[in-house]
Amino acid sequence: MNVKRSLMTAAAVIAVLSTPTAAAQAAASGDPVVKRGCTTGDAGASGGAVIYNWHDPMSTLNVKLDLADGKADGRYAAIRVLVLGMNGTSKQGAWNKVSGAGKHKEGWVSVKYSGGIKNIGIQVATFKGNHLMGYCTDWGNPD
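In short: position in the sequence shown from 1, add 35, done, that's the numbering used here.
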């Protein structure tokens, strides 16, 4: 299932790559790959991202997100993209969610930051309703 979320702000655009061709081209392109990932531990959420096309700060990045909910506990797992611009400002993408033991969701997003990307990462969380129960974050600059 593709992630069907997008975030537009004055300084950042995180939009869905809608065609399988775009995702396949990104994965097959041989572009630099950066990986991010973490788990909320006992709370049951785990997620990660594989980031392609990070040639320079002005690149449009192709990001494959992967999210899993490991527990049947009435909570849901969520993942979002985080961006730190070259000027020190940060932006957060919208939460993408999945719920139910063993449920898994993956999808592609495109990330561009008008001032240039210094660091990119992901945040994985567990929610019960609108209440954040726990989270983890993994981010940094190109490896």
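Honestly, I wouldn't trust all of these hints.
What the hints assert, rightly or not - FRET-style restraints, in silico, Cβ to Cβ:
#1 Lys138 to Asp91: 33 to 41 Å
#2 Gly135 to His90: 32 to 40 Å
#3 Asp77 to Gln127: 30 to 38 Å
Derived by calculation from the structure, the hints in this document are not laboratory data. Every residue, glycine too, gets a C-beta built ideally from N, C-alpha and C.
Okay, the hints, checked on the actual structure:
no., hint, in the structure
1, Lys138 to Asp91: 33 to 41 Å, "holds, 37 Å"
2, Gly135 to His90: 32 to 40 Å, "holds, 38 Å"
3, Asp77 to Gln127: 30 to 38 Å, "violated, 24 Å"
Hint 3 alone, counting from the list given before, is not met by this structure.
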